[in-house]
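Trainee: Please dock the two separately framed chains into a single complex, following the hints provided.
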Amino acid sequence: MTPSQAVEQLRQRFGDAVNVPVLFRGETSVRVAREKIVEACRFLKWECGFDMLTDLAGVDNYGTEPRFEVVYHLYSMTNRCCLRVKVPVTEDDMTIDTVTGIWAAADWHEREAFDMFGLKFRGHPNLKRILMWDGYPYFPLRKEFPLAGMDAELRDPESGAGRVEVAPMLGGPFVPGQGSPSSILREPQQVDTIAEEQEKLAHPNKKESV
Amino acid sequence: MATEHQIELMESAARAQEAGDELRGERMIINMGPQHPSTHGVLRLVLELDGEEIINVWPDIGFLHRGDEKLAENMTWTQFIPYTDRLDYLAPLANNVAYAYAVEKLLGLEVPPRCQYIRVVCAELARISSHLLGIGTFGMDVGAITVFLYTFKEREKIYDLCECLCGARFTTSYTRIGGLANDMPPEFLPMLRKFLAELPATIAEVDTLLTRNKIFLDRTRDIGVLTKEQAVDFGITGPILRATGIEWDLRKAHPYGGYEKFDFDVPVGSVGDCYDRYLCRMEEMRQSIRIIQQAIDNMPGGAWNAPEAKIVLPEKKAVLTKMEELIHHFINVTEGLNAPSGEVYFSAENPKGELGFYIVSRGGGTPHRLKIRAPSFVNLQALPVMAKGHMISDLVAILASLDFVMGECDR
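Protein sequence lines correspond, in order, to chains A and B.
Sequential numbering of the first sequence, starting at 1, is according to this note's numbering.
Sequential numbering of the second sequence, starting at 211, is according to this note's numbering.
The following block holds chain B by itself, in its conformation from the complex (with noise of 0.2 Å):
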């Protein structure tokens, strides 16, 4: 009987063989998306296939496209902020305080330290969870479900911290213009603290589970490669540039609210690949985690909100019982706080890359355009640069690696 099964399959070989033969070389295109498991969202791709090798793709975007930058222009600066929580909505803390600086830097003003220090801490817990998910996720694309349950298991202790910090687990919008929203309550630093004592125990588990596995290499390594110079024709910013070898850093190549203060690395890669993706990601959660303990030990005390009247909201406290006080809330928050005209372009260093935001302002209290620059947009230009000549199975690693949010993307 063995014997001939084993006849058996030779003969389907051979004539799999002929048929190959003849459709070598026949494009087929297929539609992927835009509810596939491995877009990560709402993201289309159309593919010309020669048998399972990639000729090409067009990515098509804008399925989750709501108009931020139209609605901005009729709102007051501070409320779109809560719309800054829906771009990259797994980092919402870090876009709040890139959108924050931004207006800051239009205004011309500079929060008191305290507030830098706290923002910092949001960043960077920002930057641990996006990248928890982005390599819990990365891990499942390529099979490895396990470690998604670890990583998800420690995001949860980020939302319990922003639960803390400022009420809400996902919509933080947790910055104001000029400071913050309210100061850290008492518990949260010893919170943090546990969490910061826990989480390096994940990251080794999640590192004993990838960064050796024999699977995980074959799947990433020399998978989508992308070049210095075709990073830089891309624009492509965060940790794919850095992984092409780029040592570039908003943190530390334009320092911006207090990071200059900060002793931390940059971590590069060398050969471009899926795999330098996910080891600088790995590394970048390793020095979050540094920056954050230095933030706690050396957290200033003081006022946490910029002290200007006209910009910052005052205390309720003040505002029921004192005249002024009441003026300047009630146009604070009816007209909206006075911005001069002109424009500025800020940028942060997010976990998915360069956030920026183009202000232009003809005074008052509105924007007369925001221009959000977001970096999954940028990246995931680059796609098809990196897709072509790989398998379908290597585009949803690359895919996995390039870990972008649409709805930053389409904004």
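Pulled out of the complex, with its shape left as it was, chain A reads as follows (with noise of 0.2 Å):
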């Protein structure tokens, strides 16, 4: 079956849950409505032999509506090809439902998007931050997050590492630029090595004592 077929089928059974697929590169991708998506994946799974979940991604499609997308690539080992189905997700109502039921492989797939988008698989057996720490309070991947990063609290506070801060974008600790203070100033060392230096850029003119 081509995946062209396997939409004409999904469009017969689901109607209007499922758009018209648009071809791109020879890639076939159909956009199956929220609340169809389980009955949907079901349905390709069992019927349409798409045995294998590729990758599920999540899309912020910012400033569009809606503007969230769940991405899944299907693959079939009997008839080699793929197919991508696609979720609209609204920024108001973030749950969609887990497809972890049907393939194994969407457990840490699901995760990596709840974690950098926020997105709530529902019914997923363990939704937890994965590649982030626990308790991270961002979603990294979404638009308006910067690219330098945010302020935050580590994990474990007492640790003694205490925050993430946000990073320099241009430079770095290392990189001179305009007015910063000396190299050998900007270099981490001894509180003693950092006085003697600054003693000696006040008074230029002072000979060392031996």
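Simulated from the structure, these hints should not be mistaken for lab results.
Heads up, some of the hints might be wrong.
Stated by the list, open to error - Label pairs and their in silico Cβ distance ranges:
id	chain 1	residue 1	chain 2	residue 2	range
1	A	R122	B	P292	38 to 46 Å
2	A	R11	B	P550	25 to 33 Å
3	B	K363	A	H203	56 to 64 Å
4	B	Q289	A	P146	12 to 20 Å
5	A	R42	B	D260	21 to 29 Å
6	A	D134	B	G511	52 to 60 Å
7	B	V543	A	P146	19 to 27 Å
8	B	H464	A	G123	41 to 49 Å
Stated by the list, open to error - In silico negatives: residues of chain B with every beta carbon more than 10 Å from chain A:
id	residue
9	A224
10	E236
11	E262
12	E279
13	I355
14	P400
15	L409
16	A411
17	I425
18	I456
Glycine included, each C-beta is placed from N, C-alpha and C at the ideal position.
Mentor: This is the structure we're talking about:
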């Protein structure tokens, strides 16, 4: 069965819940309504032979409505073909039913989509953060999250590491810039060396006592 | 004295027996990693044990998360190539090739045959390098340290080849969108031929050290078995999938980059245990030698970059002397190549499995979304299924046979 035949069957079965498929660079993608995703996936797996979930990705289309998308890449081992299923998710209600009951592979992928976008997969057996740490307050792959990162507390503030800080976008701790202190001062070192160095800078003509 | 000693032993054995009865069924949770030598990177495992038997495993990943997908959204298509080196850092060349093909698929661009052949050589060298490391550390993890020394000696030569090819040993960044950073230098092919002549001897040596080794067989056979159904259910790819007996290789199933012109076999296992995974990797190296040999013999001449002035950087000499080229160079470097809007998924058969790039483009010089489907991430997910009911020492063998890389898993 080719992907377009599968989509045809899917459209016959689910009617308006399935959009017209889009073909681009030889790949078929089809949009399915959020309410029907589990049924549609079950149909695709058992009736159309898409026995493998290759990938599951969240996408943030900031500025358009509905804002988020969950993208499933299905693969059929028997027919050797790929189908992309996309489900739009609105920002006000970010829940979507889990497909972990259909493909075991969905488990970590859905956790990652939750971790990065805050998409809530209803019925997931263990929906918690996977790449970021438990208790991290933001969703880093959303478009409003800055590349530099956001100030946040670490999982274990008592360990001494404390916080994550916003990263410098230009330069870095060892790159000189206009008006920055001398390279010796920028390097991490013992406190008394810094004091000595500052003293030297303040009184450049003072001879060192031997 | 001897008899007395024996009696003591028997007494202590009886005591252990008694205590064992009391403690049987008591569960213990212990932590393995993230700085454990057998976890090959920063993987943390939480184990639930009954004695030494594993009841459950919870892998905890993310220690090496660098936000590669976020970074990709903030740079041009070409600027992301160095980041692909750092995905599966044991096979950077293969990642470079996969990423370049993914973006070229979005652009609808085909590279010239010479470029394809050089990329095939790159990808197969990366496969050999990755498998040499995988098998070397596999041996080491189950107690055969010698193998590691032999395979690392060979890997060193691959790094020399990388250095000759692109100037860097480790972070190669060799491909460009629509071609390569530079053509093969004239010294490269003789070096490669020499390497291909020497490699089979090392593979044979490893073969004699491991394949019929009683200890190795005991440690790996029927350990961490994955059935065909489980493997497909978990989306497993690469040698681990083939070890279960499914003949599925992207180079054969969906040939890309000229792989349809090469004659090679896809090894499959029958049981799906650690030993089969080892055998698959061994045979894949031999097949890679065959592929590289064919690539060298039929290496086409001609251009190694696609003739697309708006995508591929022009020659430096032309940039310095001609107006048109100067403009193209300037636009390409500052704004990036102008990709059409649309979305593609491209996957390549990497040493660890299927490395896929799902690209959403809204046009212009940067991706709107770039999802990396990392084989290590997907393959590691099946660890609890494989490890349940085995001993902790078997877990070490299973981890080694999975041959994952955390750089790719955590991205």
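Trainee: Run every hint past the structure and note whether it holds.
Mentor: Hints and how they fare:
no.	hint	in the structure
1	R122/A - P292/B: 38 to 46 Å	holds (39 Å)
2	R11/A - P550/B: 25 to 33 Å	holds (27 Å)
3	K363/B - H203/A: 56 to 64 Å	holds (59 Å)
4	Q289/B - P146/A: 12 to 20 Å	holds (18 Å)
5	R42/A - D260/B: 21 to 29 Å	violated (36 Å)
6	D134/A - G511/B: 52 to 60 Å	holds (57 Å)
7	V543/B - P146/A: 19 to 27 Å	holds (25 Å)
8	H464/B - G123/A: 41 to 49 Å	violated (33 Å)
9	A224	holds (43 Å)
10	E236	holds (25 Å)
11	E262	holds (26 Å)
12	E279	violated (6 Å)
13	I355	holds (33 Å)
14	P400	holds (39 Å)
15	L409	holds (32 Å)
16	A411	holds (37 Å)
17	I425	holds (33 Å)
18	I456	violated (7 Å)
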